[in-house]
Structures are given as structure tokens and as C-alpha cells.
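A.B. asks: Now for the letters of each chain:
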Amino acid sequence: MTIEKNLNGTELTVTIAGRLDTTTAPELEAAFKESLAGVTKLVLDFASLEYLSSAGLRVILQAQKTMNKQGEMIIKNVNETINEIFEVTGFIDILTIE
Amino acid sequence: MPMKPKKQTSISYNFLKWLLFLMLVAFIATTVFLWVFQTRLANNNADNLLRLNITDVKADIKDATNDHMLELVRSISAELDDIDADTASKEEMSARIAEMLTRYDVTEIDIINSKGIIVACNIESFVGFDMASGEQSKEFLVLLEGEKEMVQEFQAQSYDSSIERKYAGASLTNGGLVQIGYDYAHLQASVDHEVVSLTRNRHVGNNGRVLIVDQDKNIVSNVKGVDRKKLDLEAFGIKPGSVQTGQRVTANVEGIEFYCMAEMAEGYYIISAIPVKEVTITRNMVVIMAVAVEMLIFIALTLLVYLLIKKQIVVSVNRINHSLSEITNGNLDVTMDVRNNLEFDSLSNDINATVDTLKRYIKDAEERIDAELAFAKAIQHSALPSVFPPYPNRKEFEIFATMHTAKEVGGDFYDFYFVDEDNFAFLIADVSGKGIPAAMFMMQSKTIIKSCAESGMSVEQVFTVANEKLCEGNDAGMFVTAWMGILNVKTGKVLFANAGHNPPLVKHADGTYEYLKSRAGFVLAGMEGVRYRKNELELAPGDAIYLYTDGVTEATDLNTELYGEDRLHIVLEKYKDATPQVICDEVKKDVDAFVGEAPQFDDITMLALKYCGKEDAQ
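Chains as they are written, first to last, in our numbering: chain A, 1 to 98; chain Y, 1 to 618.
Worth flagging that the hints you see were computed from the coordinates, not collected in a lab.
There may be inaccurate statements among the hints.
Claimed, not checked - Label-pair restraints from in silico Cβ distances:
hint : chain 1 : residue 1 : chain 2 : residue 2 : range
1    : A       : ILE97     : Y       : GLU468    : 38 to 46 Å
2    : Y       : GLU468    : A       : ALA30     : 45 to 53 Å
3    : Y       : PRO392    : A       : ILE74     : 34 to 42 Å
4    : Y       : ALA476    : A       : ALA17     : 20 to 28 Å
5    : A       : ILE74     : Y       : ASP364    : 34 to 42 Å
6    : Y       : GLN581    : A       : ALA17     : 40 to 48 Å
7    : Y       : GLY330    : A       : ILE74     : 17 to 25 Å
8    : A       : GLU98     : Y       : GLY330    : 43 to 51 Å
9    : A       : ASP93     : Y       : ALA578    : 54 to 62 Å
10   : Y       : PRO385    : A       : ASP93     : 31 to 39 Å
11   : Y       : THR354    : A       : GLU84     : 48 to 56 Å
Said to hold, decoys possible - Restricting the straight-line Cα-Cα distance to at most 20 Å, the calculated cross-link-like pairs of lysine to aspartate or glutamate (EDC-like) are:
hint : chain 1 : residue 1 : chain 2 : residue 2
12   : A       : LYS65     : Y       : ASP160
13   : A       : LYS65     : Y       : GLU528
14   : A       : LYS69     : Y       : GLU472
15   : A       : LYS33     : Y       : GLU468
16   : A       : LYS69     : Y       : GLU79
Unchecked claim - Take a look, some chain A residues computed to stay more than 10 Å from chain Y by CB distance:
hint : residue
17   : ASN8
18   : VAL43
19   : ALA47
20   : ASP93
Where a beta carbon is used, it is the ideal one built from N, C-alpha and C, also for glycine.
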């Protein structure tokens, strides 16, 4: 999995490519911990995300909870499989998906 | 303050560096020693050579002069055999002396009586002198005691030490003795021709020579190019009158350096000389050859020792390192077998023993953990209702459920219990993750949900309240998906709620299974303030509902293909009339067959419930 970060003022865009599972989720968790301070808008680009497991959902949920306190979080370029996961788990109601 | 690390160099390099240095020191030391020793040796040889030549020439000169004088004195004595020294008149003796003096061309003739007193001499002042009164003259007294003749070295005489003479004496027939003396001039004249030839063919070494020089500094020896010249004695380090016998002196003559030695004999200076170059050349050649051989030996030695060390130590160390890196890469079964010497044998044994000890510790630790996990697994499994049929006297429904954990303990669970006489709750849940953390959260979730349900809440309230409770103290951010239904066994109506869980399959009257879609609520323990909604489902007698976790549909084979919802649907349809137990068994069998050799990736949990209708209708 690769993580690309792009900071534009207080808007941070994070592009994730590959698999987000038990082994790679800690990496994303560390990246968020490092970079979310002072960010008011977090944009997650899932265009190249191939797979998402419950470990990945955990990290996304944590990010959402953090951004609920300091601004907003948006997820874009979600493919059908990922979208279905969000639907089934009810995450679709708490995430902002474009 | 951390020190900047020194750049590290290999054993071979360090060793070679020091070895070369030491060899160099040894080489220089031996060369210096050799030089000094050889120089001494060469000089000693030169000394011996010089001395030997001088000794020989000296002896030759002495022989020549002695022979000559003895001859003379013999003749003179023979001529005087009619004289009786004790009684003859002085005039007669003096006359005879004077006459012989010129004829024999000697410097002095003395006639000494039997008492050792000079009774006649061509030198008036000597008459009356007692021969016994001087060391030099005393020697002649042996002629009064039976000796026939004798001859002395050229030396200072007893009467007047400023006069130097060579004396010979012979006894007289009628008693007494006659003595003749040569002064230097006469001596020279008598042996000159002999002295000249003494050194003609004499060599000192290759290019050295012996010179014979008279008291007037004339070179009398026969050496080409220097005949009859005067010699600068000072250049030869010789102070006239005092000659250091046996001492080597370095003289510079016309730009060439010579080693010289000088002695005096019979009034002549005898000087042997050898060019210093000749002496040093020999020494230099010896030293150079020795140094060359030395160098070869030292280089060979250095190389040998270096290679030896490399073989004994470096090669072995590298082999040990190689094996060690195999161990660090995970292969704990590698053994050290480097045994080319005592130390490495011991090292190999020690390393092997260390690895064995570590392996033992690891095994012990693993066994401890395995034991704990087995225990935990037992606890977890016993926490889930596992007795089937659970309510043998209740005929309204049949139920069966299984949980297979991917590791020893897992995060899936099912649960079922009567919340009151007519209402039967049944649920399935899946904690995010696997293993111990999921297991702990699973136990907590199960307990909270059950306590909420048994308190009489409706199903959506159960989830709403349980969610709040599970959010407390959930710093780890775990969450759990769940699907819970409460069946009224009299009516067949199921009130259910879904917290982010994959929808169950329901079999209706026509026998087909269908996924029970509903608007999914958010997962439990994800976020506070989430509200869940209630949904309804009607079950007719013979209908069934099948709950499962995604470990079923996401089971993966060796080609990383997923089992999928379609295959599940097919199996359920195949066994649509079977009992819940058979349904669960067959699904598990089908999943196992599909997965084959691949390891189980996620917990596989399922619950099948078949509604039979209210008791009295059956």
C-alpha cells in the first residue's frame, strides 16, 4: 500500500493505493496521527484502493471521529466494491462520500 | 556525546599492517647488525693481513742483517785468534782494529777481555767500559761463558744511549770476545740490496703493498713508481721516532685512503698498506648479498605467516559469520561446524549450545502461550451456547449454530436465549479483527447485548443502548457488526435490527432462499449517538433463516478466489429441506472443499433457525 499526502493550507488530501488490511492499516493510522493536527478538511482519494477490511474501516472511523471535532472529512472516487462495504456496514451513513 | 565511529578494517588488513611493520623492523635490525659485524670482521682481517706482512718483512730484514753480521764477526774473530785479550798490548790490538775497520768496513770493533772490560776499541772513550754495566752490553757476556757467537738488534747502546748500533759478537779462541758494531749508514749499506728486493713481489691483499723506509725517509723497498722517493711519513700517520706498533691507521695519500700499519725493525720503518676500498668492497658485497637473501626470506615469511593466519582465523571467522547470518534470517536449525583448531571448535560448540538454549526458551514460551490460548479458546467456546438441541421441550423451532475460529480465539459470536416465554432472541456478530483483542471485545459485547435484551428492551433499543455502553472506554476503537432478531414463537414474527452486518438468507414457502435486505445501521461501538431502526419479517412454518459472518463468503482458496455469496446461495438451496444442523454442516463442508489447502483467514460462524409453527398447530 502507498500513501501520498498533499497539504494545501489547512486542507489535506491523502491518496491511498493498494490494499488496506490488517497489515497495512497501522501505516495509515500512523500517517493520520502524524498529519491531522490543524487540518480542517481531510480528503481521502480511494481511486486506487483495491481492498478494504475491517481493520481499514477502523482507521477510517477514527479519522472521521477526529475530523468531526476539527472540521470535515470527505471520501472520493469510491469504487463499487468499496461502496458496497460501506453500505453493508452502515458506514455510508456516517461518512461523506462524493 | 557519541564518538564518531572509527572506520573498521579487517583482521587480515590489521594483521598484515603490523606484520609488515615488525618484519621491517627486524629486517632493518638484522641489516644493521650485519653491517656492523661485517665491518668489524673486514677490519680485523685487514689488520691481520697488514700485521702478518709486516711481521714477515721484519723477519726477513732481521735475518738478512743478522746473517751478514755474524758472517763478519766470525771472520774477524778467526783473524784475531792469535790474540789473547787479557795480555795483549793495547797498541797492538788498536792497530789490528784500525786495520780491520777499513777492510771490513764496519763502524766499530771492540775487543773485550775475559773479565768483560773493553780493552781496545776504535773509539777511545769506550775503552775501559765494563760490559756488565749495561743491559744491552751485558747480553754479550754469554760469549765468555761458552757461546760462540751472537747478534743483537739495532738499538741504543749502553755506554751512550744516544748512539744506536747493531752489534754482533764472537768469542775469541784465547779468551774474551770481539764485538763489531754497525751504525745506521753501514747497516743500510750492508743490507740495502736485500731490503730492496724484499717487497718486490709482496702483495697485501690484491692491491696493498709493504713499504720499507729508512731513517732519512727514503723509500728503499722496491715498489713500482715509488722507488727512491722520499716518503711523507706524517701522511701515513707515523711520527718519526715513535712508531705505534700493531695499530691500524687510516692515511690519505694523494686522494686515496689506505689502512696502514707500521713497525720499526733494524732502523727501518716497515709500513704495510691496503686501500680502504679493497676492504670495504668485500664487506659491501657480503652485506648486499646477505640483505638480498634476507629480503627474500622476510618476504616469504611474511607471506606465509599472513596466509597461515588467514587460513587459521579469517576463513573460520567468515564461515562462522555466514552460518550466524543464516540463523538471524530465521533458520534456527543451522549448526556451526568450524573446527580447524581448538578455539574455533570451542566457539562452534558454544554457539550451538547458545542457539539450542534459545530454541528451548522459545519453545517453552510458545508452549506456554499455546496452553494459555487453548485455555482461552475453551473459555470462549463454553461461553457460547453449544448444546443442541438447546430447548428439547420447545417444538416451535429448530436451531443450530457453529463457530470456527481462524486462530485459537476469535471475534465472531452467535447467541440465543428466550427473553420471555414467547420471545426468542437470536443473533450473530463479528468484532473487527481476530485473535485476543477481538476475543476480549467479543466477550464484552455478548454480555452487554444479552443484559440489554433480557431486560425487556425492543430489539432496536438493545442495539442503541448496547452501542452507547460499548463506546465507553473503547479507546482502542474496536467495533462490532451484529444482526439480532427476536422471534415471537407464537406468531412467527421476527423483529430485527442490523448494525452493519451482512444480511442473512431467508427461505420462504416456495423454497427459495433470498437475502434479507434492510437499511443497515452503523456498526456497534463505532460512534456515540447512533440510533438503530426496527425491521419486521414474517416467518411461516417451514421457513428458515440463515445467519453467517463474512468468514463464510470471504473464505479464500489457493488462487485467492473468494467463496462468495453465490456459492452459499447454491448450497443452501440444495439443502433447503434439511435440518439446521445439516444445513450448517453442509455449508461448512462446501466451504472447506472450496478452500482446500489454503489456511483459514477469518472466523467462520453461522446460525440456522427453522420455524416450525406454534406448538399446538403442529
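A.B. asks: So, for every hint listed, does it hold in this structure?
C.D. replies: Against the structure, the hints come out as follows:
no., hint, in the structure
1, ILE97/A / GLU468/Y: 38 to 46 Å, "violated (26 Å)"
2, GLU468/Y / ALA30/A: 45 to 53 Å, "violated (30 Å)"
3, PRO392/Y / ILE74/A: 34 to 42 Å, "violated (55 Å)"
4, ALA476/Y / ALA17/A: 20 to 28 Å, "holds (27 Å)"
5, ILE74/A / ASP364/Y: 34 to 42 Å, "violated (52 Å)"
6, GLN581/Y / ALA17/A: 40 to 48 Å, "holds (45 Å)"
7, GLY330/Y / ILE74/A: 17 to 25 Å, "violated (44 Å)"
8, GLU98/A / GLY330/Y: 43 to 51 Å, "holds (46 Å)"
9, ASP93/A / ALA578/Y: 54 to 62 Å, "violated (37 Å)"
10, PRO385/Y / ASP93/A: 31 to 39 Å, "holds (32 Å)"
11, THR354/Y / GLU84/A: 48 to 56 Å, "holds (54 Å)"
12, LYS65/A / ASP160/Y, "violated (141 Å)"
13, LYS65/A / GLU528/Y, "holds (10 Å)"
14, LYS69/A / GLU472/Y, "holds (18 Å)"
15, LYS33/A / GLU468/Y, "violated (25 Å)"
16, LYS69/A / GLU79/Y, "violated (159 Å)"
17, ASN8, "holds (28 Å)"
18, VAL43, "holds (20 Å)"
19, ALA47, "holds (22 Å)"
20, ASP93, "violated (6 Å)"
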